[in-house]
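**Student:** Since the structure of chain A is provided, determine the placement of chain B on it from the hints.
Line by line, the protein sequences are chains A and B.
Everything in the first sequence is counted per our numbering, starting at 65 for the first residue and increasing by one.
Everything in the second sequence is counted per our numbering, starting at 65 for the first residue and increasing by one.
Everything labelled a hint here was simulated from the structure, so no lab data went into it.
Among these hints, one or two may not hold up.
If several chains are the same, the list does not tell them apart, and a pair holds so long as it fits within one copy or across any two.
[Claimed, not checked] Derived lysine-lysine pairs resembling DSSO-like cross-links, with alpha carbons at most 27 Å apart:
1) Lys229 x Lys273
2) Lys288 x Lys108
3) Lys93 x Lys225
4) Lys288 x Lys72
5) Lys288 x Lys273
6) Lys229 x Lys93
7) Lys95 x Lys273
8) Lys250 x Lys95
9) Lys336 x Lys129
This structure is a prediction, so every number in the text was calculated from the model and none was measured.
There are 2 protein chains.
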Amino acid sequence: MTLECIQKHQCFAGEQQFYQHQANTVACKMKFAVYLPPQALAGKSCATVFYLAGLTCTEETFAIKAHAQYWASQLGLILVMPDTSPRGEDVADDANWDLGQGAGFYLNATQQPWAAHFQMEDYVVNELYDLVKKQFALDGDKIGIMGHSMGGHGALTLAFKYPQKFQSVSAFAPICAPTQCPWGEKAFSHYLGDDQTTWQAHDAVELIKAQGKKFDSILVDQGKNDQFYAQLHPEKLQQICDQAGQPLTLRYHDGYDHGYYFIQSFIEDHLKHHAIALYDE
Amino acid sequence: MTLECIQKHQCFAGEQQFYQHQANTVACKMKFAVYLPPQALAGKSCATVFYLAGLTCTEETFAIKAHAQYWASQLGLILVMPDTSPRGEDVADDANWDLGQGAGFYLNATQQPWAAHFQMEDYVVNELYDLVKKQFALDGDKIGIMGHSMGGHGALTLAFKYPQKFQSVSAFAPICAPTQCPWGEKAFSHYLGDDQTTWQAHDAVELIKAQGKKFDSILVDQGKNDQFYAQLHPEKLQQICDQAGQPLTLRYHDGYDHGYYFIQSFIEDHLKHHAIALYDE
Chain A
65 MTLECIQKHQ CFAGEQQFYQ HQANTVACKM KFAVYLPPQA LAGKSCATVF YLAGLTCTEE
125 TFAIKAHAQY WASQLGLILV MPDTSPRGED VADDANWDLG QGAGFYLNAT QQPWAAHFQM
185 EDYVVNELYD LVKKQFALDG DKIGIMGHSM GGHGALTLAF KYPQKFQSVS AFAPICAPTQ
245 CPWGEKAFSH YLGDDQTTWQ AHDAVELIKA QGKKFDSILV DQGKNDQFYA QLHPEKLQQI
305 CDQAGQPLTL RYHDGYDHGY YFIQSFIEDH LKHHAIALYD E
Chain B
65 MTLECIQKHQ CFAGEQQFYQ HQANTVACKM KFAVYLPPQA LAGKSCATVF YLAGLTCTEE
125 TFAIKAHAQY WASQLGLILV MPDTSPRGED VADDANWDLG QGAGFYLNAT QQPWAAHFQM
185 EDYVVNELYD LVKKQFALDG DKIGIMGHSM GGHGALTLAF KYPQKFQSVS AFAPICAPTQ
245 CPWGEKAFSH YLGDDQTTWQ AHDAVELIKA QGKKFDSILV DQGKNDQFYA QLHPEKLQQI
305 CDQAGQPLTL RYHDGYDHGY YFIQSFIEDH LKHHAIALYD E
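Chain A with its partners taken away, still in its complex shape:
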């Protein structure tokens, strides 16, 4: 397996890097971004946060738009930013932006034509996870996961499916109950088929209901001027966390929308949430 560094930029005394590799799980070339804080460049074993992006985004979106490097540099956090789906001319796609390339939903598809490449769950939690553990100076016992929108769904579901792999979790405007919203219903019926019992393993609300408390805290921020609010159902996440005894800090913010101007406004709190959970435990 060859890992090719395609861009490298000094940034807050650390390095913003972009890589490309032939990924077995998704059977195509994948790109991902890594931010290495100065502590990692100096050889210190650092805590790491995976960031899963939303519909239409790429491995570049968070690196460019979230303004996270300032805080990652200060806190000594490595950031790992995968792409949102397999890519390529021979990878299945759809004319709409909420299915296919750019819309992998961080699950393993079982249906055709998707199953050949759309194995993003396996890619993130196994192949990329193992790759970055081996490649970079990260502390394998201190790995968190966060995400936005579709990637918030990914962060919550993968954290609750693999709590032994992720020790902290947070999300911006996550799709909390994809089995109960148009984006999720469309994606899951294509990727997983019509048997809706198979959908539940990819729905944060259903997973928390089944699994109970797994984390000391979850941080979720939600703008009240979010143009996709009807897709997100944060109230269902609050309700199930209350029932399950899973501590949740769900903050609603007047005026903020769904985009990266919202994310950058609260990224400090998210990275501090992960740094406290990962470094102070």
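**Tutor:** Same frame as chain A, now just chain B:
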């Protein structure tokens, strides 16, 4: 004159806004961005910094990539971000990215086919300047200017041509001596013609030589791994400032390149430079 707000996003308790208007000076529709900090939204008269972007950039580049809003929000600075040239199908252009649309060089062209629209100096220091003074809660006596690369050239030259309009100035990797580098020689010969005496009014080194000290301080940051270093001549800026008695803080940074990962790493210092100059005088 109609000013149309085309995007508005809450950001660090302020607002990132994008506007469009029919601009007389450049005879086309122009876009620009404004960041209003919470202090401005609350009605306080705020100091303002114009940011001039580099070749190929637009009014969106700095707003998305520079990570400036965090500091502008804390410091109470309004940011004004114009596009880098006139735009449109009937606006002259060139096949290369260093001339024509995206490459206005913040001067008033005198040559055909450029003169009809390429009047960016007039646009920035008169039309846009007056427009934002009238439209937003800014303090007309506290206006600074900064820029990057071609925009660093713009910031330095416009500051020294119009010191009554700009009370502070800084630049990232500016083109310090455009009359002595390929980018500048190409642009000036097209926009201003072959009489090189007309070029000097658009060259920071020549302007400082002619005008002497105009500012208490200038802050310039320059990456030592800048891929365009040969175009920039920071050493000529240092030399002329030393000769002219113009205080200059020129910082060279190991490892940093020409892009926005460099800019974001030092934007805090630039906005504090302007805030100190504008608010504390």
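**Student:** Taking the hints in turn, state whether each one holds.
**Tutor:** Structure-based check of each hint:
For a Cα distance limit of 27 Å, the shortest separation of Lys229 from Lys273 inside one copy, 20 Å, qualifies, whereas the shortest one across copies, 62 Å, does not. In the homo-oligomer, the alpha carbons of Lys288 and Lys108 lie at most 27 Å apart only across protomers (26 Å), although the nearest pairing inside one protomer, at 40 Å, exceeds that limit. In this assembly of identical chains, Lys93 and Lys225 lie within 27 Å of each other by CA distance solely inside one copy; the values are 26 Å within and 52 Å between copies. In this assembly of identical chains, Lys288 and Lys72 lie within 27 Å of each other by CA distance solely across copies; the values are 15 Å between and 37 Å within a copy.
Taking the closest pair of Cα atoms, Lys288 and Lys273 come within 27 Å of each other only inside a single copy of the chain (25 Å); across copies the shortest separation is 54 Å, beyond that limit. Proximity of Lys229 and Lys93 under a CA criterion of 27 Å is satisfied intra-copy only: 24 Å inside one chain copy versus 52 Å between copies. Neither within a single protomer nor between protomers do Lys95 and Lys273 lie at most 27 Å apart by alpha-carbon distance, with minima of 34 Å and 49 Å respectively. Taking the shortest alpha-carbon separations for Lys250 and Lys95, only the intra-copy value of 26 Å comes in at or below 27 Å, while the best inter-copy value is 37 Å.
Within a single copy, Lys336 and Lys129 get their C-alpha atoms as close as 18 Å, and across copies as close as 22 Å, so both meet the 27 Å cut-off.
Hint 7 from the earlier list is the only one contradicted by this structure; the remaining hints agree with it.
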